[in-house]
Amino acid sequence: MRWPAAIFFAPTLLWAQLQVSLIQGSVELPVREVMDLGSVDASDVLEARFRARNTASAAVAVHTIQVAGAGFTRKDVPALPATLAPGAALDFSVRLAPAGPGAYSAVLTVNTISILLRARATAGPVLSLEEERRGPIRLASMETVDFGSTEAGSSVTRRFRLENPYTERVEVAELAVQGDAFRLSAAFVVPRSLEAGESLAFEIAFVPVSAGAHSGRMVMNGRAFVLSGTATEPPPPRPQIVLDPANLRSGQQVRLRIRLAERARAAGQGELRVQFEPAQFGWPDDPAIGFVSPAGRSVRFSFEAGAEAARFDGRDEVILQTGTTAGRLTLEARLGVNCEQVTLVLAPLPVVVDTARAERKAGGLELYLAGFDNTRSVSQLVFTFYDRGGHVLEPGPIVVDAAAEFRRYFDSAALGGLFALRAAFPVTGDVSAVAAVEIEIRNSAGASRTSRVAF
Amino acid sequence: MPPRFALALLATAAFAQWEAAPPRAGYFLDREGRLRALWGVAGSFVLGEARLEGVVSHASSPAWTVAKLERALVLLDASGEERARFAAPAGPAVFAFDTAGVPALVYFPEERLLCRIRGMILEPLRTLEQDVAAIAWIDEDRSLALVRGAGRLELHEFTYSPNSPGTLVGAFPWDGPALIADRGRLLVAEGARLHLLQAGVALRDIEAPAPVIALHRMGADWVEVVTGDGGRLALRIGDAELRLYVLPEAAP
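If you're matching them up, the sequences are chains B and D in order.
One point on numbering: in my numbering, the residue at position 277 of the first sequence is 277, and numbering is uninterrupted.
Numbers given in my numbering equal positions in the second sequence, counted from 1, plus 455.
Everything labelled a hint here was simulated from the structure, so no lab data went into it.
Note that beta-carbon positions come from the ideal geometry of N, C-alpha and C, so glycine has one too.
Just to be clear, a hint being listed does not mean it is correct.
Unchecked claim - Label pairs and their calculated CB-CB ranges:
1. D/Ala476 with B/Gly390: 29 to 35 Å
2. D/Pro628 with B/Ala305: 25 to 31 Å
3. D/Asp596 with B/Ile241: 38 to 44 Å
4. B/Ser154 with D/Arg648: 46 to 52 Å
5. D/Trp629 with B/Val337: 23 to 29 Å
6. B/Asp401 with D/Ala542: 47 to 53 Å
7. B/Ala454 with D/Met575: 35 to 41 Å
8. B/Asp401 with D/Trp629: 50 to 56 Å
9. B/Ile241 with D/Ala476: 32 to 38 Å
10. D/Glu578 with B/His391: 46 to 52 Å
11. B/Ala307 with D/Pro664: 20 to 26 Å
12. B/Ile241 with D/Glu578: 42 to 48 Å
13. B/Gln280 with D/Arg648: 34 to 40 Å
14. D/Arg698 with B/Gln280: 29 to 35 Å
If we strip away everything but chain B, and leave its shape as in the complex, we get:
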């Protein structure tokens, strides 16, 4: 729609008790007998808004609002007759839809008031949207071209055509696309001419990078057309949990990565959780089980568009500790609606000894041993001492019933199956003759024996 380009300012026309004005924004411009509404592109529509106000001191009936002229119609006319109180007004519009370039005129009649309206339609490139099934759709200024819905990161293309249906050459002085999500995809050099009957096609692509509603404008020779489209979030990829080493047991720090089943089409984030179920009902939770940085049972991961793997606060992997209690570890990676779950069995093991030390003290021997029993069932300790020649010293293997003490310890400790063992052996005789010791520990899963520990 084009506002009138030229208005004749004249003394107020007060035919009878009605004053007819042209509305421009918030301003009422009185009209006279001949009114030039300006020019419009032959492909567009020109609309002018008028107001009839009762300037008398008594009520006035408006019984006639008519427009007669090729291409002209009236619009938004209230039901007639309409009675206007003193000072009241009613609004209506006059619309020109030109059939082609040329001069247009019409008579506007409001009650007994007659106004000659004049306008011009100029020849310009005709813009159409090409639709496969429906054929070309001619576009008027400020009409909306909807690109529909597509995933953020993908694109939708619409094809347009500029045509010169007239007998004279027309100019394409300007063709541009505004808006971050829209691109004029065909190389199109302006300004250029379109000869009579000539047409040119071009494309505009909707290329949203983020989800949501997007809008833009196409501007051609000062005429603007609205572009709109909606972008949806692409579905998140499926997470895949990758463990190194793949076969887990108690007492390990394991490297864990999240691989994406397909390359990510948009950035995203998810959460990785670990749950633990002890092998025996009633066993307390194991604080050594979980991620180490930061320590806990859950950690967040994220990825950028195009990524094939997730990252953990900038790192490619996260470290998981399997703890020191037999049971079942369940890892769950949740990413949007996708969830990957892996359950691992931490099998019961014979006692695992991490450290063993032996020292001679005045009058005796001291042994220190640290490790874990993921079954919490240590039953016996067996100490075997050796001389420098490697011979077993009397009285041979010394067996100690350790079940009660270890049961008491595991019931009170809150460190899973972790334990340290300190043993002191008073010695009469030459303690330096004792060269080494081997310690065997038995639990419900079997027996484990240290290597020979030298004093």
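On the provided structure of chain B, position chain D as indicated by the hints.
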């Protein structure tokens, strides 16, 4: 016939004293400068509560831990109880333990002052003007100091006579963080590479995930390794191999 000796024990639980207890790997410094106990064994660590705040330097033996606060020195025993606290010069410190694992020496780099920790007393011994990276106890009269200079580390033996020069006993082609471990072993960082040496001979080495910026003795066989990307690792300096483990990190 193999030599016989009598152990004063019987084949029952009453023969010896023994107990099961939680295993403590040592103490380490978290990202907020708090000294924390580290429980567990290799691959299975559990964070203990923060024991001291504002710690700038620390070291542990199997039985003792010494921590340097901004202007104090604190000694913790094997159970983590504070046994002594001294006023001390500002800044970091370097520590050494005697053969029994008792804190014996402390060096204050900003003062260039070497002191003896004797019971409840901090006794100044002498100054060491060099850039000292680590110290170690030999006996009541001598110590070792690992000093930096000209892009390398030199191991010097010092007496406590003021101004007496040290005796060069070894030199190494690196000048990164270093410490003198027990049994005469040296641990030196060269970028991300950690070298373990004994009697000047390279025993083995291992690559950390990032360049190493600090080393702290954490316990009997453990060294806390701090890397430039903020990582905190536990290095096991066992007889068979060097192994690195990730230290748990307290949630913010």
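Cross-check of the supplied hints:
no. : hint                               : in the structure
1   : D/Ala476 with B/Gly390: 29 to 35 Å : holds (31 Å)
2   : D/Pro628 with B/Ala305: 25 to 31 Å : violated (47 Å)
3   : D/Asp596 with B/Ile241: 38 to 44 Å : violated (60 Å)
4   : B/Ser154 with D/Arg648: 46 to 52 Å : holds (47 Å)
5   : D/Trp629 with B/Val337: 23 to 29 Å : violated (53 Å)
6   : B/Asp401 with D/Ala542: 47 to 53 Å : holds (52 Å)
7   : B/Ala454 with D/Met575: 35 to 41 Å : holds (36 Å)
8   : B/Asp401 with D/Trp629: 50 to 56 Å : holds (52 Å)
9   : B/Ile241 with D/Ala476: 32 to 38 Å : holds (36 Å)
10  : D/Glu578 with B/His391: 46 to 52 Å : holds (48 Å)
11  : B/Ala307 with D/Pro664: 20 to 26 Å : holds (21 Å)
12  : B/Ile241 with D/Glu578: 42 to 48 Å : violated (58 Å)
13  : B/Gln280 with D/Arg648: 34 to 40 Å : violated (45 Å)
14  : D/Arg698 with B/Gln280: 29 to 35 Å : holds (31 Å)
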